[in-house]
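Heads up: the protein sequence lines correspond to chains A and B, in order.
Mind the numbering: the first sequence is residues 1 to 258 in the numbering used here, read in order.
Mind the numbering: the second sequence is residues 1 to 297 in the numbering used here, read in order.
Treat the hints as calculated values from the structure; they're not laboratory data.
Heads up, a few of these hints could be off.
If you want a taste of the chain B side facing chain A, the calculated C-beta under 10 angstroms gives, among others [said to hold, decoys possible]: (1) Gly-106; (2) Asp-180; (3) Ser-181; (4) Tyr-182; (5) Glu-184; (6) Ala-186; (7) Ala-188; (8) Leu-189; (9) Gly-190; (10) Thr-192; (11) Met-196; (12) Val-200; (13) Ala-204.
Glycine is no exception: its CB is placed at the ideal position from the N, C-alpha and C atoms.
Each chain, written out:
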Amino acid sequence: MSNDTKYTITTDKLNLWYGDFQALINVTVNIADGIITGLIGPSGCGKTTLLRCFNRVNERYGNVTTTGEILINGKNIYDDDVSLPELRKAIGMVFQRPNPLPISVYENVVFGLRVHSRRKNIKKSEMDEVVEKSLREVFLWDDLKDKLDKKATGLQLEQQQKLCIARLLPLKPDIILMDEPCSALDSESTRAVEELMLTLAGKYTIVIVTHNMAQARRVSDECIFMLLGEIMEHTRTEEMFLTPKNPKTADYIEGRYG
Amino acid sequence: MGNRKQLEIITESAIEWLIRICGISAILFVFGIFFFVFREGAEFLFGGLDLWQFLTSPEWYPTSVSQKRYGVLALMAGTASVTLLSMAIAVPFGLGAAIYVSEFCGPKAKETFKIVIELLAAIPSVVWGFIGLTLMNELIITLFDAPIGLTVLNGGIILALMSVPIIVSIGEDALKAVPDSYREAAEALGSTRWQMIYRVLLPAAKNGLLAAVLLGVARAVGETMAVLMATGHAVKIPGSVLDSVRTLTATIAAELGEAPVASDHYQVLFIIGILLFTITFAVNLIADLVVKGIKEQ
Ligand SMILES: Nc1ncnc2c1ncn2[C@@H]1O[C@H](COP(=O)(O)OP(=O)(O)O)[C@@H](O)[C@H]1O
Ligand SMILES: [Mg+2]
Chain A
1 MSNDTKYTIT TDKLNLWYGD FQALINVTVN IADGIITGLI GPSGCGKTTL
51 LRCFNRVNER YGNVTTTGEI LINGKNIYDD DVSLPELRKA IGMVFQRPNP
101 LPISVYENVV FGLRVHSRRK NIKKSEMDEV VEKSLREVFL WDDLKDKLDK
151 KATGLQLEQQ QKLCIARLLP LKPDIILMDE PCSALDSEST RAVEELMLTL
201 AGKYTIVIVT HNMAQARRVS DECIFMLLGE IMEHTRTEEM FLTPKNPKTA
251 DYIEGRYG
Chain B
1 MGNRKQLEII TESAIEWLIR ICGISAILFV FGIFFFVFRE GAEFLFGGLD
51 LWQFLTSPEW YPTSVSQKRY GVLALMAGTA SVTLLSMAIA VPFGLGAAIY
101 VSEFCGPKAK ETFKIVIELL AAIPSVVWGF IGLTLMNELI ITLFDAPIGL
151 TVLNGGIILA LMSVPIIVSI GEDALKAVPD SYREAAEALG STRWQMIYRV
201 LLPAAKNGLL AAVLLGVARA VGETMAVLMA TGHAVKIPGS VLDSVRTLTA
251 TIAAELGEAP VASDHYQVLF IIGILLFTIT FAVNLIADLV VKGIKEQ
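Just chain B, with the same shape it has in the complex (with noise of 0.2 angstroms):
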């Protein structure tokens, strides 16, 4: 009996020290990759970088031999239109699907549902980049008239594509998080469904439900292989969303193989991985503050 027991609590606090390693290197990771990053252009950053003209500049011409310039509101400018336009289009559809699936579908339909979305998350960004390489670049030429088919609408389609099953699954999970006892509520004082959904749900639920519109922008802004593929590798800020785009991630993933290893343009791609990096803070804070002003009320 006596050794039993302190063999358990040997294994519970071995089990505790094994998850708390686990939290803890989750930190540890996330500060290594930023240092990482943030080392590799540090160099460049602060010496020689004109940082005014970075951010303020659309003219990117890294391998330039007389003037070199490094301005990546361009860049900017396309991940912007593209993330936009697809939030435009996967945040109705995404909100509206995950409404369907929680409040109107019946059991068997949900399954079925389910898996579908699933399956969507499932297929890998090159192959989405593959879709809008060929079938959406040559309906977009059919369609419009244009000379390609590489632009920022392609670009935001597929980016939407992407993001409606996470805004799907966590604005269910959202919606199904809400107590019954308020839908109850609501239909006894008889509020029809729609009533019940904009009047109940939708606030009830307004912070599952902005989350799951965040992690749909982060996937967008992050995404790299398929906006690489799908927007027409263009640094140019676009006019309409028949223009071809290049996006900040995009521009890395294509010239980071290039750039001589601590060059001055390897470290500038370097720096917009920091910028990424700072962009997507910013959005994660933004949604946190915003959450904490929805709970303080």
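If we strip away everything but chain A, and leave its shape as in the complex, we get (with noise of 0.2 angstroms):
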């Protein structure tokens, strides 16, 4: 890593707590810009806990306590002016249950402009554009151009968790963050989510927790290793699984723990 490298997403010494259970400790990362950064460790180690830390979605549980910083392109996210509509439409989040909104592909699509617009009626054409713009750009326009008004809760759950994927992109994020997007998915599905990601990246700061070693690899340029709540490792995804500095991320990495 040179000095030059732009870091989207850093933390300095970041803890958390629910109620007074510990579940991150002095987390202190520099998360690259337009890469892949894969983030691996156990189960119950705090992976999704960290990734939801970086839009603020924690905080919809009311036990949280956080202390710390995380900054996001240079900006504090916990200083008072910070909005969170706005923070949380320059990163997008993809869960690891597919959840599309119980509506239709189309107002799924939409959803986020109709939210953050100022504009009482967007065109219908301006929103017809975005639509087929973004499910083409999931691979998913062939699929659903004769589907847009049919409930996105009825459709197959890779075909869901694109979507999921393609409603963040007419907000144009900086960011996206992935939950173990593939966890629920066959497969088959898994190699089409995993080449969807391999588009995206580049353009947009990709930070996806898995618990597939296979996955972080074939996906990640960058990985992080975590166990109990504390960053083990941050390195390029050949040097960790070919030449691990530290001998845990060596147990893990060769299935030493669960």
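Dock chain to chain to rebuild the complex, using the hints, since each chain is given by itself in its own frame.
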């Protein structure tokens, strides 16, 4: 990593508690711009928790306390003048279980626009264009162009998850966070979604949580290994899998933890 | 070992039968009640009663010596006006409270709120009628300078207070049943609480919310004692909310005791019962159809 690398997300001594259980301990990471960063580690080590800090959805639970700093593009997201809708507009999130909204495919894609647009009525032609472009970008247009009025919750899981990615795109986010986006999908759909991630890389900074080693190797440029709420190692993916520096990383990669 | 298994099989099937009987008896009771009400009124319904006049005439003189007239239009108007007014008050309040309890309340406030709502639901209807007869009556007389406070307004407010607990608790159940992942998805896309509520939550819960409203309507249509006491007992089509009216239910309650058994008057009251039955049945049927229609989309 050279010195002029641009970092999109940096955290400084981030600690997080659920009630009095500490789920993140002194997390300090720098996540580089425009690449895919994998977040790996055994179940319960705090991957989801860390990811959910970046767009502050963790705060939906009442019992969360956080200390430390998170800077997104240089701006501390815990500053008082940060607006959550704006923050979440810039940082899209894909969840472990596909969670399209129980409205039509079309409305799912334009949901973000409707929510964020100051104008009352966005032109129909404008929205049609956005829908086509977003669905094309996730390779769903050909499958769904005749089903735009269908309820999104009735689609196949793979289509649902791709749709969940597509609906982020009209907002032109800087960052896309993905929490085990393939864990509810079969292997073929997993491959399709992975391919999609690779086409999106470069345009967006992507952070993906996965417990699937092979997936981390296939898609990520850099990898972060977490254990019990702490960052153990953060390097280029090839390095982590070929020459892990931390013996605990080696143990995990070789399958000695769950 | 063998014995125990046998015993289990017997108790198992006994329980199964018991449950089946409970289910069937519910259906039997409904039909039984309908049959009984129908039988009491059938003779006059098919011989003597002018059904057209019954439904379209506002003249209700069941005890007139010279010319008895049985028109329930004014009574239907009474029921409709009181029900509509009460729903106009109770639906926004009830749904608003349901949204507040389910989405904005902390866990402690939620507990308190629910207890209060349950208390409200537990007040007997005759007590509500009493409040209408005294407190509300005087309030309306002073506020509106009206000659009498026992009016559509009075009954509507009392019925609204009685329906709100139902709408709140059923509405809250409906909102609670919406998966949290929908809320999370909407919020992660940057919607505010309110945007999330009206763009996602309300559409997702609309079946349950509709059920809540219709149960409120059914409560209002069927309520007897409170409206009997609060609406002033005047058989006429109301011109404003400050007019006194009488509802279908109040008429049955007030007159059945005095009507000689099996007389025309007695039978007409049962026919009003059938009418009420038909109205609530229609409300339920419409609700079912609407809900089905929503599901198929
Ligand atoms: N809402 C919550 N309340 C309390 N504890 C939680 C909550 N969410 C997660 N945890 C705990 O925090 C730890 C980290 O969880 P999580 O971030 O989901 O791990 P991972 O995604 O790596 O499996 C776990 O021990 C988990 O039990
Ligand atoms: Mg997780």
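Evaluation of the provided hints:
| no. | hint | in the structure |
| --- | --- | --- |
| 1 | Gly-106 | holds, 8 angstroms |
| 2 | Asp-180 | holds, 9 angstroms |
| 3 | Ser-181 | holds, 4 angstroms |
| 4 | Tyr-182 | holds, 6 angstroms |
| 5 | Glu-184 | holds, 7 angstroms |
| 6 | Ala-186 | holds, 7 angstroms |
| 7 | Ala-188 | holds, 4 angstroms |
| 8 | Leu-189 | holds, 5 angstroms |
| 9 | Gly-190 | holds, 4 angstroms |
| 10 | Thr-192 | holds, 6 angstroms |
| 11 | Met-196 | holds, 9 angstroms |
| 12 | Val-200 | holds, 6 angstroms |
| 13 | Ala-204 | holds, 5 angstroms |
When held up to the earlier numbered hints, the structure conflicts with none and fits them all.
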